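Quick mapping for you: the protein sequence lines, in order, are chains W and E.
Going by my numbering, the first sequence opens with residue 1, and the numbers climb by one from there.
Going by my numbering, the second sequence opens with residue 1, and the numbers climb by one from there.
Calculated from the structure, these hints are not laboratory results.
No experiment lies behind these values; they were computed from the predicted model shown.
One thing to keep in mind: the hints can contain errors.
[Claimed, not checked] Covered, in the sense of this in silico footprint (three residues per stretch, anywhere, with C-beta under 8 angstroms from a C-beta of chain E), are these stretches of chain W:
1. 27–41
2. 158–169
[As the list claims (entries may be wrong)] Mimicking DSS-like on lysine-lysine, the simulated pairs with C-alpha atoms at most 25 angstroms apart in a straight line are:
3. W:Lys58 - W:Lys87
4. E:Lys232 - W:Lys89
5. W:Lys89 - W:Lys16
6. W:Lys87 - W:Lys167
7. W:Lys87 - W:Lys16
8. W:Lys167 - E:Lys72
9. E:Lys239 - W:Lys183
10. W:Lys182 - E:Lys232
11. E:Lys72 - W:Lys16
12. E:Lys155 - W:Lys58
13. W:Lys182 - W:Lys169
14. W:Lys182 - E:Lys159
15. E:Lys215 - W:Lys87
16. E:Lys215 - E:Lys159
17. W:Lys87 - E:Lys239
18. E:Lys72 - W:Lys89
19. W:Lys183 - W:Lys167
20. W:Lys167 - W:Lys89
21. W:Lys89 - E:Lys215
22. W:Lys58 - E:Lys72
23. W:Lys139 - E:Lys159
24. E:Lys159 - W:Lys58
25. W:Lys167 - E:Lys232
26. E:Lys155 - W:Lys89
27. W:Lys183 - E:Lys155
28. W:Lys183 - E:Lys232
29. E:Lys155 - E:Lys239
30. W:Lys58 - W:Lys30
31. W:Lys139 - E:Lys239
32. W:Lys139 - W:Lys183
33. W:Lys167 - W:Lys58
34. W:Lys16 - W:Lys58
35. W:Lys87 - W:Lys30
36. W:Lys167 - W:Lys30
37. W:Lys167 - E:Lys215
38. E:Lys239 - W:Lys58
39. E:Lys155 - E:Lys215
40. W:Lys139 - E:Lys72
All C-beta atoms in this analysis are idealised placements derived from N, C-alpha and C, irrespective of residue type, glycine included.
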Amino acid sequence: MELTDRAAVDEVLAGKHESFRVLVDRHSWKVFGLAYRMTGNEHDADEVVQETFLRCYKRLESFEARSSFSTWLYRIASNCALDLLAKRKQDKAHIVEHDSRDDHPNPEESALEYASPQPGPERMLLSAELRQRVADAMKRLTDVERTAFVLRHFEGRSVSEIGNVLKVKDEAVKNTVFRAVKKMRTELEPLITAGRMQGGPR
Amino acid sequence: MNHPSEQDLVLYFYGDAPRAAALELHLAECRQCASEFAQLRATLSAIDYPVPQRAADYEAQLWSTLRPHLEKTEAPKVPAWAALLHPRQWAIAGAVAALIIAAFLAGRITRPEKTTVMQVVNKQQTPGNDRVLMVAVGDHLDRTEMILVELVNTKTAGKVDISAERDLAQSLVNENRLYRQTAQRDRDPEIAGVLDQVERVLMDIAHHPDSVPGKELEDLQQRIESQGVLFKVRVIESKVRARSRAEMTQRKTASDAKL
Numbered sequence: 001m002e003l004t005d006r007a008a009v010d011e012v013l014a015g016k017h018e019s020f021r022v023l024v025d026r027h028s029w030k031v032f033g034l035a036y037r038m039t040g041n042e043h044d045a046d047e048v049v050q051e052t053f054l055r056c057y058k059r060l061e062s063f064e065a066r067s068s069f070s071t072w073l074y075r076i077a078s079n080c081a082l083d084l085l086a087k088r089k090q091d092k093a094h095i096v097e098h099d100s101r102d103d104h105p106n107p108e109e110s111a112l113e114y115a116s117p118q119p120g121p122e123r124m125l126l127s128a129e130l131r132q133r134v135a136d137a138m139k140r141l142t143d144v145e146r147t148a149f150v151l152r153h154f155e156g157r158s159v160s161e162i163g164n165v166l167k168v169k170d171e172a173v174k175n176t177v178f179r180a181v182k183k184m185r186t187e188l189e190p191l192i193t194a195g196r197m198q199g200g201p202r
Numbered sequence: 001m002n003h004p005s006e007q008d009l010v011l012y013f014y015g016d017a018p019r020a021a022a023l024e025l026h027l028a029e030c031r032q033c034a035s036e037f038a039q040l041r042a043t044l045s046a047i048d049y050p051v052p053q054r055a056a057d058y059e060a061q062l063w064s065t066l067r068p069h070l071e072k073t074e075a076p077k078v079p080a081w082a083a084l085l086h087p088r089q090w091a092i093a094g095a096v097a098a099l100i101i102a103a104f105l106a107g108r109i110t111r112p113e114k115t116t117v118m119q120v121v122n123k124q125q126t127p128g129n130d131r132v133l134m135v136a137v138g139d140h141l142d143r144t145e146m147i148l149v150e151l152v153n154t155k156t157a158g159k160v161d162i163s164a165e166r167d168l169a170q171s172l173v174n175e176n177r178l179y180r181q182t183a184q185r186d187r188d189p190e191i192a193g194v195l196d197q198v199e200r201v202l203m204d205i206a207h208h209p210d211s212v213p214g215k216e217l218e219d220l221q222q223r224i225e226s227q228g229v230l231f232k233v234r235v236i237e238s239k240v241r242a243r244s245r246a247e248m249t250q251r252k253t254a255s256d257a258k259l
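Next up, chain W with everything else stripped away, as it sits in the complex:
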């Protein structure tokens, strides 16, 4: 029978450290998705995934049975991503490297470079322009807004789970998600409306 998350945690705490792999196998893809959408590039997302599981292992003793393991892990992952974003903002060398490599038209705005996702079959429906605009719009969100929006919009996490991640009350989460949505709408609505009027997905 497959180990539940709780059972795997109990086994690790009881000394069977290989059982940690069950948790890595089960959650790493989801953590990568969250990290990628928060940081905007694969390299940083990989770094966040590794740091998340390391922190998770070190703090496993403090995991409490009353909360869901995935929520707890998401909280660690979000904090790792926020830490990395803060570090990147301070890292001038990183900015310069990204600006020159990506030939960004407005270097002032590229403190955090959101990579456009690589094309794949399921992404062909999205026009390159819309993809870039989504990436640009997400870049303009604050870190807190981006975290709340990614968790609610893409990851489908509940308001209370997001509150648990950001350590704020539900009302604050709702307000933050709303502000993020407003900014995203301002950036994207004209393009999407124009696309609909032309009668096709953008």
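Using the hints provided, position chain E relative to the given structure of chain W.
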């Protein structure tokens, strides 16, 4: 019902509207709101940010990268005292601890002249209250640090939206006040002093409008940086965490001795 606001419609889209049934009825009857919601739904539904594929053996690769690091890390263990508690009892213990904190803080602040709840708790020699409080203060400082880091790193060009940080600061002010007053009464001047400074900074942030001119934000950043608040928060946070760990170890030792 009245016409829903844009925020009501956003909450409804994500399934978070408190009065969803009434809003649904309104949308069925009001063409203007229905049209507004249709536009919102079309936009939000089109927002996608696909995640790139990973290699088929991604998990295995990740494990082989992690494993050497984990081997170097001290292995986590079940705390001896925790092993005595069944998961359900954990939840009860957590609820009791929360009540103790609430009662402790409320007692300290609302009835300072009388016997406080904490004094009663101390007489009963209930272990672990300090640790629970330290964990709560540590989490509070963690949240405060998040806001300060974000504000200090925000670019000051043009008009800057700081409403997210402002709202978070507003939600932390009262909590901070309780912890500060508790630290003062416990004669812990170091923590009380930093929390006092943090409170002033949080109130400063909390009194700002949604957007501020770059110059105003720059002034705010300078006030935060010149006082070294962020550094002090980090130092106190690590001390609070260390104190919490020490308390935990003490309890573990006491529990082991009983066994």
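Going through the hints against the structure:
Look at the region 27–41 of chain W against chain E: 6 of its residues bring a Cβ nearer than 8 angstroms to a Cβ of that chain, three or more, so the hint holds. Given as covered by chain E, the region 158–169 of chain W passes the check, having 5 residues with a CB less than 8 angstroms from a CB of that chain where 3 are the minimum. At most 25 angstroms may separate the alpha-carbon atoms for a hinted pair to count; W:Lys58 and W:Lys87 meet this at roughly 22 angstroms. For the suggested pair E:Lys232 and W:Lys89, the alpha carbons sit about 21 angstroms apart, so the restraint of at most 25 angstroms is met.
Distance restraint check for W:Lys89 and W:Lys16: the Cα-Cα separation of roughly 39 angstroms exceeds the 25 angstroms cut-off, and the hinted pair is therefore not satisfied. For the given pair, W:Lys87 sits about 21 angstroms from W:Lys167 by alpha-carbon distance, which is consistent with the 25 angstroms threshold. This hinted pair does not check out: W:Lys87 and W:Lys16 have alpha carbons roughly 35 angstroms apart, beyond 25 angstroms. For the given pair, W:Lys167 sits about 31 angstroms from E:Lys72 by alpha-carbon distance, which is inconsistent with the 25 angstroms threshold.
Distance hint between E:Lys239 and W:Lys183 is unfulfilled; the C-alpha atoms sit about 39 angstroms from each other, more than 25 angstroms. The hinted pair formed by W:Lys182 and E:Lys232 fails the criterion: a straight-line CA distance of about 35 angstroms is larger than 25 angstroms. Using a Cα cut-off of 25 angstroms, the hinted pair E:Lys72 and W:Lys16 holds, with the two alpha carbons roughly 15 angstroms apart. Between E:Lys155 and W:Lys58 the CA atoms are separated by roughly 34 angstroms; this puts the pair beyond 25 angstroms, and the hint is violated.
Distance check on the hinted pair: W:Lys182 and W:Lys169 sit about 20 angstroms apart at the alpha-carbon level, within 25 angstroms; holds. With a C-alpha separation of about 17 angstroms, the suggested pair W:Lys182 and E:Lys159 falls inside the 25 angstroms cut-off, and the hint holds. In summary, the hint linking E:Lys215 to W:Lys87 is supported, as the alpha carbons are separated by about 24 angstroms, within the 25 angstroms threshold. A C-alpha spacing of about 9 angstroms is found between E:Lys215 and E:Lys159, which places the hinted pair at or below 25 angstroms, so the restraint holds.
Taking the CA atoms of W:Lys87 and E:Lys239, the gap is near 23 angstroms; set against the 25 angstroms cutoff, the hint holds. With a CA separation close to 30 angstroms, the supplied pair E:Lys72 and W:Lys89 exceeds the 25 angstroms bound. For the suggested pair W:Lys183 and W:Lys167, the alpha carbons sit about 23 angstroms apart, so the restraint of at most 25 angstroms is met. Restraint check for W:Lys167 and W:Lys89: satisfied, since their Cα atoms lie roughly 22 angstroms apart, inside the 25 angstroms limit.
A threshold of 25 angstroms between alpha carbons decides the hint, and for W:Lys89 with E:Lys215 the separation of about 19 angstroms falls inside it, so the pair holds. Taking the CA atoms of W:Lys58 and E:Lys72, the gap is about 11 angstroms. The hint holds against a cut of 25 angstroms. The hinted pair formed by W:Lys139 and E:Lys159 meets the criterion: a straight-line CA distance of about 16 angstroms does not exceed 25 angstroms. About 42 angstroms separates the Cα atoms of E:Lys159 and W:Lys58, which puts this hinted pair outside 25 angstroms; it is violated.
The suggested pairing of W:Lys167 with E:Lys232 holds, with an alpha-carbon distance near 21 angstroms, which does not exceed 25 angstroms. For a cut-off of 25 angstroms, the pair hint linking E:Lys155 to W:Lys89 stands: about 10 angstroms separates their Cα positions. Distance check on the hinted pair: W:Lys183 and E:Lys155 sit about 17 angstroms apart at the alpha-carbon level, within 25 angstroms; holds. Restraint check for W:Lys183 and E:Lys232: not satisfied, since their Cα atoms lie roughly 34 angstroms apart, outside the 25 angstroms limit.
Between E:Lys155 and E:Lys239 the CA atoms are separated by roughly 31 angstroms; this puts the pair beyond 25 angstroms, and the hint is violated. For the given pair, W:Lys58 sits about 20 angstroms from W:Lys30 by alpha-carbon distance, which is consistent with the 25 angstroms threshold. Under the criterion of a C-alpha separation no larger than 25 angstroms, the hint pairing W:Lys139 with E:Lys239 is inconsistent with the structure, at around 35 angstroms. Restraint check for W:Lys139 and W:Lys183: satisfied, since their Cα atoms lie roughly 11 angstroms apart, inside the 25 angstroms limit.
Between the alpha carbons of W:Lys167 and W:Lys58 the distance comes to roughly 21 angstroms, so the proposed pair stays at or under 25 angstroms and holds. Restraint check: the Cα-Cα separation between W:Lys16 and W:Lys58 comes to about 15 angstroms, which is no more than 25 angstroms; the hinted pair holds. As the CA atoms of W:Lys87 and W:Lys30 are separated by approximately 23 angstroms, the hinted pair is consistent with the 25 angstroms bound. Between the alpha carbons of W:Lys167 and W:Lys30 the distance comes to roughly 21 angstroms, so the proposed pair stays at or under 25 angstroms and holds.
At most 25 angstroms may separate the alpha-carbon atoms for a hinted pair to count; W:Lys167 and E:Lys215 exceed this at roughly 30 angstroms. Restraint check for E:Lys239 and W:Lys58: the C-alpha separation of about 18 angstroms stays at or below 25 angstroms, so the hint holds. Proximity of E:Lys155 to E:Lys215 is assessed by CA-CA distance (about 10 angstroms); at most 25 angstroms being required, the pair is judged to hold. Under the criterion of a C-alpha separation no larger than 25 angstroms, the hint pairing W:Lys139 with E:Lys72 is inconsistent with the structure, at around 37 angstroms.
When held up to the earlier numbered hints, the structure conflicts with 5, 7, 8, 9, 10, 12, 18, 24, 28, 29, 31, 37, 40 and fits the remainder.
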